[in-house]
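Position chain B relative to chain A; hints supplied.
Those sequence lines, one after another, are chains A and B. As numbered in the working numbering, residues 747 to 1036 make up the first sequence, in order. As numbered in the working numbering, residues 747 to 1036 make up the second sequence, in order.
These are computed hints drawn from the structure, not numbers from a lab. You may find that some hints are simply not true.
What the hints assert, rightly or not - Just so you have them, the derived chain B footprint on chain A, three or more residues with Cβ under 8 Å: (1) 756-768; (2) 849-856; (3) 884-895; (4) 913-921.
What the hints assert, rightly or not - Per label pair, the in silico range of CB-to-CB distance: (5) B:P870 with A:G869: 18 to 24 Å; (6) A:D820 with B:T1028: 45 to 51 Å; (7) A:D928 with B:R748: 56 to 62 Å; (8) B:R906 with A:R761: 20 to 26 Å; (9) A:R768 with B:P847: 33 to 39 Å; (10) A:S934 with B:E843: 38 to 44 Å; (11) B:P999 with A:R768: 47 to 53 Å; (12) B:A866 with A:P846: 23 to 29 Å; (13) B:G1005 with A:P846: 17 to 23 Å; (14) B:R748 with A:R906: 27 to 33 Å; (15) A:R768 with B:P922: 38 to 44 Å.
Ideal placement from N, C-alpha and C gives every residue a C-beta, glycine not left out.
Protein chains: 2
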Amino acid sequence: MRILRTVAEVRTALRPARRAERTIALVPTMGALHAGHVALVERARGECDEVVVSLFVNPAQFGDPDDLAAYPRDEARDAVLAAEAGADLLFAPSTEELYPPGFATHVTLEGPLVEALEGARRGPEHFRGVATVVTKLLNVVQPDVALFGQKDAQQTIAIRRLVADLNLPVRIHVSPTVREQDGLALSSRNVRLIAADRARARALPAALAAAADAHASGERDAAVLGSTARAAMTPFGVEPEYLALVDPESLDPVRTVKGAALVAVAATVGGVRLIDNQLIGTPGLRRRQP
Amino acid sequence: MRILRTVAEVRTALRPARRAERTIALVPTMGALHAGHVALVERARGECDEVVVSLFVNPAQFGDPDDLAAYPRDEARDAVLAAEAGADLLFAPSTEELYPPGFATHVTLEGPLVEALEGARRGPEHFRGVATVVTKLLNVVQPDVALFGQKDAQQTIAIRRLVADLNLPVRIHVSPTVREQDGLALSSRNVRLIAADRARARALPAALAAAADAHASGERDAAVLGSTARAAMTPFGVEPEYLALVDPESLDPVRTVKGAALVAVAATVGGVRLIDNQLIGTPGLRRRQP
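Next comes chain A alone, as it looks inside the complex (with noise of 0.2 Å):
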């Protein structure tokens, strides 16, 4: 595998793969690689020829930059993880290579999409981000696919609104949440969390399979699942930040569950802010009429 620093040497060393119409797949990160992104960047591994990885802690996206600074950085380990995954390339470029000076250009969304969930907490701001620095690195590699983790819902929803608006020419591809044995998402914060919090964490994935099930039974009332949800959280002395059924498209709210619903679920843990969602029912099933 190799590692490249720029634009420049990522269109270069691409170059030979595009003529050849090999299929090219970039997953893009932040580093602090865990299963999840390894789980990832197997997948593209499996579907296409070339398999890029950027790592890029990208300044955009955070509001504080305290978060910024405190935000885990190891190349050396995540370089390693995307070899032994099956990556072809390594995109690690400097802060100044996509951001040089004079930079004054951003992608933004509107409406709900971005402002509801972790709109809501992390600002406007941190959508923009993302979108900017997505559109750049889709750019700079040109891939068939794209691939992001189901754990991250509003961000690969947000990405499929701009591919699609902005008419580029990529796949989306969305895997689903690698988890713990006990149901916790996996997420570079969860180091963070000491052993009672580690337990007390399941409050999460608990909330969201306690609303799977009570969907399952026939329950369609959005304010019954999400007070379901909420009361399975109780036993582990934990509170919601946001627990919200929303329409997986839009994010708008939804009140009756008629096709297929996100429930997302936001909490800090002993400090540790940790969000998870999960799909109930099924995109586009109308029920039969009885």
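For chain B alone, coordinates are given in the frame of chain A:
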């Protein structure tokens, strides 16, 4: 020349050319083609294997609905002119094709680049509309080269900036403004000038020529160059809306012309708003020490 209405049709039509590594040029237009557009298409024809002209009156860049409704539209005439100039494909989509329901993404630029000159007059939405539709058209056609006219100087500067910032893999060519014999820059709006006002419209090129002459004679003080240019408009009874000397990349005001400067002018003559501009000096050239 084929006329195509959808993004999918354009992708399909260009696939064989792309596979054969034939070069592709795009000339984006809002129709109402004149000799300036024809020169761009002819240049594209001379430089690339496949020439695509787009024809789309972009609602997103009009602040005023009346202005949008009044914009001249004559697709049949435009199609003939484009074909005769050498276009292979005319992409003339509907508004719904480019802005389907749920559309939520915009490309924005910030700073003097979009706030000065036309931005001050037309509001921040104007260049956001231009930037978004140009990004979309570049992604739909994926040309090697996109061609624009120097007449809309600020637009070309904003487009160069966004292409660099978003890492769009395209070269931008800017062709000289095409002018009437008396120097008036070609514009779809010129036909709306009655004869007396048509004569007065020469105030704009006269102002630019006066600034260029004074610069050629050694004048480097922007205030003096500006007042010289303004004085040249007085005999025509035309008052500029703005007459500015700015940096040709950042559009920051220039106090002393060291390398190159852009002289930009706007004025309303007989109810018709006209713009024009001229580069003076040589970019990057420093005067030798005596």
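message = Verify the CB-CB distance for R768 of chain A and P847 of chain B against the hinted window 33 to 39 Å.
response = Since R768 of chain A and P847 of chain B have Cβ atoms about 36 Å apart, the given range 33 to 39 Å holds.
query = R768 of chain A and P922 of chain B, beta-carbon distance inside 38 to 44 Å?
reply = About 41 Å separates the Cβ atoms of R768 of chain A and P922 of chain B, which means 38 to 44 Å holds.
request  = Can you let me know if the beta-carbon spacing of P999 of chain B and R768 of chain A is within 47 to 53 Å?
outcome  = holds, 50 Å
query = If you check the beta carbons of D820 of chain A and T1028 of chain B, does the distance land in 45 to 51 Å?
reply = holds, 49 Å
inquiry  = Taking 8 Å as the Cβ threshold, is the statement that the region 756-768 of chain A is covered by chain B upheld or broken by the three-residue rule?
reply    = Per the Cβ count (3), the hint holds.
ask   = Taking the beta carbons of R748 of chain B and R906 of chain A, is their distance inside 27 to 33 Å?
value = Roughly 31 Å apart at Cβ, these two residues keep to the hinted range, so it holds.
key: Status of the given 17 to 23 Å range, CB of P846 of chain A versus CB of G1005 of chain B   = Given a distance of about 20 Å, which is inside 17 to 23 Å, the answer is holds.
task = State, for the Cβ atoms of D928 of chain A and R748 of chain B, whether the hinted interval 56 to 62 Å holds or is violated.
result = holds, 59 Å
task = Could you check the hint for me, namely that P870 of chain B and G869 of chain A are 18 to 24 Å apart, CB to CB?
result = With Cβ atoms ~20 Å apart, the hint holds.
query = Do R906 of chain B and R761 of chain A keep their Cβ atoms within the hinted range of 20 to 26 Å?
reply = holds, 24 Å
ask   = According to a criterion of three or more residues whose C-beta lies within less than 8 Å of a C-beta of chain B, is the region 849-856 of chain A covered?
value = holds (count 8)
request  = Could you see if the CB distance from S934 of chain A to E843 of chain B stays within 38 to 44 Å?
outcome  = holds, 41 Å
Checked against the numbered hints given earlier, the structure satisfies every one of them.
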